[in-house]
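Under my numbering, the sequence shown has 302 at position 302, and the numbering climbs by one with no breaks.
The reader is advised that the hints may include incorrect statements.
Simulated pairs of lysine to any residue, SDA-like, Cα-Cα distance not exceeding 20 Å [as the list claims (entries may be wrong)]:
hint	residue 1	residue 2
1	K272	A258
2	K522	L436
3	K102	V87
4	K100	L111
5	K522	W407
6	K102	P205
7	K522	L459
8	K272	H337
9	K23	P205
10	K272	E288
11	K272	L316
12	K281	F296
13	K522	D451
14	K281	L306
15	K272	W331
Just so you know, these hints were derived from the structure itself, not from any lab. Just so you know, these numbers come straight off a predicted model, no measurement behind them.
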Amino acid sequence: MALVLTFSTALLLSIVLIPLAIKYAASWRLVDLPGDERKVHTQPTPRIGGICIVFSVFVSVSYWLLPFGDVWREFWGLFTGCGVIFVFGLLDDRNDLSYKLKFLGQILAILPLLFSGFLFESVPFWPATPAPQWLALSLTFFFMLGVINAVNLADGLDGLAAGIMVLSLALIAFFALQSGQHSVALVAVGVIGGLLGFLRFNTHPARVFMGDAGSQFLGFITAALAIKVTQYDAIAVSRLLPLLLIGLPVIDTLLVIAIRLHQGRPPFGADKNHTHHQFMKLGFRHYEAVAAIYLFQAALMAVAWLFRYASDGVLLGVYLLFCSGLLLPIWVGRLKHWRLHLDLAPAGRDNRNQFLRRFEWFYLYSPRLLEILLGIFLVSVAFRVGVAKPWLADIALLLAAASGILWAFQGFTRLSAHLVTRVLVYSAGVVLIYALLVDNTYRPVFNIVIDMYLTLTLLVLLLAIRMTRREVFRLDTQDLLVLLFVLVVPLLPLQEFSNIALGRVAVRFAIFLYCCEYLLSKPIIDYRILKITTIVSMALLAGS
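Whole structure, please, built from the sequences with the hints as guidance.
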């Protein structure tokens with residue numbers, strides 16, 4: 001329950017705050033200008049994503065953790081360090097701090113973490129446990145410092161750093177749940193929610209960047225949680241596992257440093273030798289390079305899971321073998337001058353085939369058809385589902401009232417009306433699908449009908465996307481993350497939902513969100529049906 005609400009709150013806050021913050025980015029002097037040789041964007045882009053991510057995470061997590069004194073005593077170093085690293089990152093985004101001040105901020109952030117007990121008590125290849133204090137402190141300090149900078153350096157393409165860290169945090173949350181570390185899982189899930197909301201605007205072509213405030217915060221909190229989850233007594237995993245949990249940023253940083261040293265240049269300079277740059281030199285398009293790295297990161301997370309109990313030597317060998325499997329094809333490809341695409345097709349060309357062009361009417365009416373299908377889904381589920389949780393009816397009543405009041409007011413700008421519609425419809429969808437999850441009645445036929453209906457809705461959505469003339473709405477690298485999560489969710493050790501088909505719930509939720517996203521990308525409709533059915537469905541659920 002806490003995990004679901006933490007994730008949903010962080011996700012919705014991030015989605016709501018970023019469009020608002022974008023409007024103030026220029027006045028806050030938080031705009032990333034093109035021109036640097038290692039930058040791939042060509043337009044000035046706000047870098048306020050980190051502010052929204054951090055705020056979303058702390059609001060969603062604090063509600064559950066801060067009221068408990070023992071949890072605060074355990075996590076005060078983590079939260080304090082996050083605050084310090086965020087402030088220095090924000091100053092860097094505004095004023096371009098020197099590397100000395102950056103390192104100072106990182107050191108000041110790591111110190112409270114060390115004092116609060118986030119330490120490598122079991123050190124790889126060290127026979128004694130616990131390890132000597134000097135060794136534990138030194139290893140933790142340099143691990144934290146390395147990961148912060150590795151994630152910061154990996155933030156070179158749209159959606160790259162956020163996406164690969166989502167995969168790392170998902171595995172950390174998985175380990176935390178298995179070992180009973182619910183507080184760690186809660187923090188990890190909150191960060192995942194904030195990042196997925198951010199990716200809504202950061203996926204190529206990005207409308208916003210996370211900046212150093214976001215990337216350094218992300219590296220800091222992921223490294224700290226990796227230490228925390230693997231040093232717990234109840235989980236006897238390999239002591240080298242945190243290296244794999246961080247994943248490709250470590251490989252990328254080591255590769256770049258080696259190349260720079262080989263070329264006789266300073267190891268911390270700026271260039272285009274990063275892994276994502278290497279993929280693009282092989283002819284990968286921007287989104288293809290990001291997708292390839294996502295798949296490698298997912299594969300590395302699978303390796304970390306499969307070899308979690310292996311000895312340090314075996315795990316190191318597997319890690320080096322995996323690195324070779326990634327880097328060797330890149331090296332051979334550069335040597336042989338391989339190119340994935342010899343020519344790049346124009347981005348705006350008409351991709352429809354001759355057969356689909358005959359059904360112009362379907363493309364024109366597909367938004368309204370999808371709106372009707374979603375409205376029927378909302379009302380029918382609310383009418384048939386049984387509420388097992390009294391607080392769920394209260395939330396539904398609150399949403400019905402909020403929807404009616406907000407939509408009754410006139411004078412909204414288009415952006416404000418669009419934003420209100422997005423937030424309330426998403427919230428209603430989350431509530432209804434959660435109501436299906438905890439339904440206190442057993443209706444197998446109803447569930448089959450719902451699945452068939454959503455399958456039909458998905459087919460309409462896919463056909464509408466395929467018939468779109470230009471890439472107004474297209475599937476991207478964030479959708480790859482969604483697919484990976486849909487595949488992994490049924491494996492999660494959530495005891496509260498042990499008798500529920502979580503895979504089915506994840507698919508339902510994904511279909512609902514994609515249909516909403518398609519509709520909300522079409523400003524030509526007024527969403528009247530969606531608004532009315534949202535109010536009706538929440539009123540029905542509140543009265544059930």
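Outcome of the hint check:
With a CA separation close to 13 Å, the supplied pair K272 and A258 stays within the 20 Å bound. At roughly 29 Å between alpha-carbon atoms, K522 and L436 are farther apart than 20 Å, so this suggested pair is violated. Note on K102 and V87: the hinted pairing holds, with a Cα-Cα distance of about 11 Å set against a maximum of 20 Å. With a C-alpha separation of about 17 Å, the suggested pair K100 and L111 falls inside the 20 Å cut-off, and the hint holds.
Pair hint K522 plus W407 holds up; C-alpha atoms about 18 Å apart against a cutoff of 20 Å. Proximity of K102 to P205 is assessed by CA-CA distance (about 28 Å); at most 20 Å being required, the pair is judged violated. Pair hint K522 plus L459 holds up; C-alpha atoms about 18 Å apart against a cutoff of 20 Å. For the hint linking K272 to H337, the alpha-carbon distance of about 17 Å falls within 20 Å, and the restraint holds.
Between K23 and P205 the CA atoms are separated by roughly 18 Å; this keeps the pair inside 20 Å, and the hint holds. For the given pair, K272 sits about 17 Å from E288 by alpha-carbon distance, which is consistent with the 20 Å threshold. Annotation: proposed proximity of K272 to L316 is violated, straight-line Cα distance about 28 Å (limit 20 Å). Simply put, K281 and F296 have alpha-carbon atoms about 18 Å apart, close enough for the 20 Å limit, and the pair holds.
Note on K522 and D451: the hinted pairing is violated, with a Cα-Cα distance of about 26 Å set against a maximum of 20 Å. Proposed proximity of K281 and L306 is contradicted: the alpha carbons are some 33 Å apart, above 20 Å. For the hint linking K272 to W331, the alpha-carbon distance of about 15 Å falls within 20 Å, and the restraint holds.
When each numbered hint is compared with the structure, violations occur for hints 2, 6, 11, 13, 14.
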